[in-house]
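Q: Sequence:
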Amino acid sequence: CGGKTRESIDLAADALRTAAKSRIRIELPLSTVGMEYICHKKAPKMGEFITELVSYAKEKCGDTEFCAMDATRADKAFLYEMIDTAIAAGAGIITVSDDAAEQMPDEFAAFIAEIAAHMGGKAEISVMCSDKNGLASAASVMAVKQGADSVKTAVSGDITALEGFAAMIKNCGDTCGFCSDIKNTELNRIIKQIVRITGGKTDTAAPIAAEQSGITLDGSDGKDAVVSAAAALGYDLSDEDAQKVYEEFRRVAAKKKVGAKELEVIITSTAMQAPPTYTLVNYVINNGNVISASAQVTLERDGNRTTGISIGDGPIDAAFLALEQIIGSRYELEDFKIETVTEGKESIGSALVKLRFSGKLYSGNGISTDIIGASIRAYINAVNKIVYGEA
Numbered sequence: 252c253g254g255k256t257r258e259s260i261d262l263a264a265d266a267l268r269t270a271a272k273s274r275i276r277i278e279l280p281l282s283t284v285g286m287e288y289i290c291h292k293k294a295p296k297m298g299e300f301i302t303e304l305v306s307y308a309k310e311k312c313g314d315t316e317f318c319a320m321d322a323t324r325a326d327k328a329f330l331y332e333m334i335d336t337a338i339a340a341g342a343g344i345i346t347v348s349d350d351a352a353e354q355m356p357d358e359f360a361a362f363i364a365e366i367a368a369h370m371g372g373k374a375e376i377s378v379m380c381s382d383k384n385g386l387a388s389a390a391s392v393m394a395v396k397q398g399a400d401s402v403k404t405a406v407s408g409d410i411t412a413l414e415g416f417a418a419m420i421k422n423c424g425d426t427c428g429f430c431s432d433i434k435n436t437e438l439n440r441i442i443k444q445i446v447r448i449t450g451g452k453t454d455t456a457a458p459i460a461a462e463q464s465g466i467t468l469d470g471s472d473g474k475d476a477v478v479s480a481a482a483a484l485g486y487d488l489s490d491e492d493a494q495k496v497y498e499e500f501r502r503v504a505a506k507k508k509v510g511a512k513e514l515e516v517i518i519t520s521t522a523m524q525a526p527p528t529y530t531l532v533n534y535v536i537n538n539g540n541v542i543s544a545s546a547q548v549t550l551e552r553d554g555n556r557t558t559g560i561s562i563g564d565g566p567i568d569a570a571f572l573a574l575e576q577i578i579g580s581r582y583e584l585e586d587f588k589i590e591t592v593t594e595g596k597e598s599i600g601s602a603l604v605k606l607r608f609s610g611k612l613y614s615g616n617g618i619s620t621d622i623i624g625a626s627i628r629a630y631i632n633a634v635n636k637i638v639y640g641e642a
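Heads up: the sequence shown runs through residues 252 to 642, numbered per the numbering used here.
Hints are computed from structural coordinates only; laboratory data are not their basis.
The reader is advised that the hints may include incorrect statements.
Per label pair, the in silico range of CB-to-CB distance [as the list claims (entries may be wrong)]:
| # | residue 1 | residue 2 | range |
| --- | --- | --- | --- |
| 1 | Gly313 | Glu437 | 27 to 33 angstroms |
| 2 | Gly640 | Glu332 | 31 to 37 angstroms |
| 3 | Ala266 | Glu491 | 35 to 41 angstroms |
| 4 | Ser580 | Gly554 | 31 to 37 angstroms |
| 5 | Thr467 | His369 | 53 to 59 angstroms |
| 6 | Gly565 | Gln444 | 21 to 27 angstroms |
| 7 | Asp335 | Lys421 | 32 to 38 angstroms |
| 8 | Asn555 | Phe429 | 30 to 36 angstroms |
| 9 | Ser580 | Asn422 | 51 to 57 angstroms |
Idealized CB from N, CA, C, for every residue including glycine.
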């Protein structure tokens, strides 16, 4: 976002100078209260202010967008005038925002239809809907049906939820008359990683669907049953990912029954991952209050098995040192998190490991009924990404 000054536009342009695709967005309020409180300007001065910022952003970055932050509260004639001003100054995209969630989906759709008719195809129309009333996805879909070209979404925030909107397109797109090439399985995995790393919250529809799905699998279930259960949760697995998920499912199902939440964790931590250069064969951990923690870990690479043995400050530290011994490289551990995914005595633990190598950050996820096993798998997953990225 380019902000409200030339200096902020310069900063945005500088940040984008190496980007393959870049765009600067100018966000300004157009309601009377918003203009005076945020921009300290009266309506007659907004036109030249918009022209100044948009035209300058256009000079710095060819792809320029103007966003009317509180469009639904603005005077309609004034809104149209400012949209025309922004287009004349070089904006190729006009974003219409209902950040107060003042309109119902049908009202917002009618609002967008009128704006589309006024613009006459001079620029693309984007919409940004607040989800304060829980209707952002519905309002966004109806806006697209009335001429909007794109929808602003977020993984965690107060606008249309990316996960829920993508699911709506997949399930209802044919009925609504539009489609998307979104890869839902990969998207859902990435969203969950972002939420875990940032500590934010995501759309609640997916976890509720998982809890209410009634899926329960055990070690006797075959690959087809697992793939069908994954499809019921909204995951369209490729043949390669289906095999990976099934192998991980068998490992977990050997110790406990697998419900929808467990299966979802298996999918998001297994599908769409880097090729497994290193795979875990086995590990042995010794720990106690009168001995130093030690770990013996065996990995396989290209059919050859190598074992590392190390003592560390705790079992996980010992395991990571043993892994470094096998791999022959020492990585900077940027972050390490452990959390339980399900409740109960046989709950599944999920580990997140972030390693820094050559200035880049690589994250890995691992799951197990054993937190040390989950941590080892997460570390190996991150290392595989490093090896794949450096190949």
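Q: Could you run down the list of hints and mark each one as holding or not?
A: How the hints compare with the structure:
The beta-carbon spacing between Gly313 and Glu437, approximately 30 angstroms, falls within the hinted interval of 27 to 33 angstroms. Distance hint check for Gly640 and Glu332: the Cβ-Cβ separation is about 50 angstroms, which falls outside the suggested range of 31 to 37 angstroms. Between Ala266 and Glu491, the C-beta spacing of about 37 angstroms keeps the proposed range 35 to 41 angstroms intact. The given range of 31 to 37 angstroms is broken by Ser580 and Gly554, whose C-beta atoms sit roughly 21 angstroms from each other.
Range check, Thr467 to His369: about 54 angstroms between beta-carbon atoms, so the 53 to 59 angstroms window is met. For the hinted restraint 21 to 27 angstroms between Gly565 and Gln444, the CB-CB distance of approximately 25 angstroms keeps it satisfied. As the Cβ distance of Asp335 to Lys421 is approximately 36 angstroms, the hint placing it in 32 to 38 angstroms holds. Taking the beta carbon of each, Asn555 and Phe429 are about 51 angstroms apart, not inside 30 to 36 angstroms as hinted.
Look at Ser580 against Asn422: about 45 angstroms separates their beta carbons, and that is not inside 51 to 57 angstroms.
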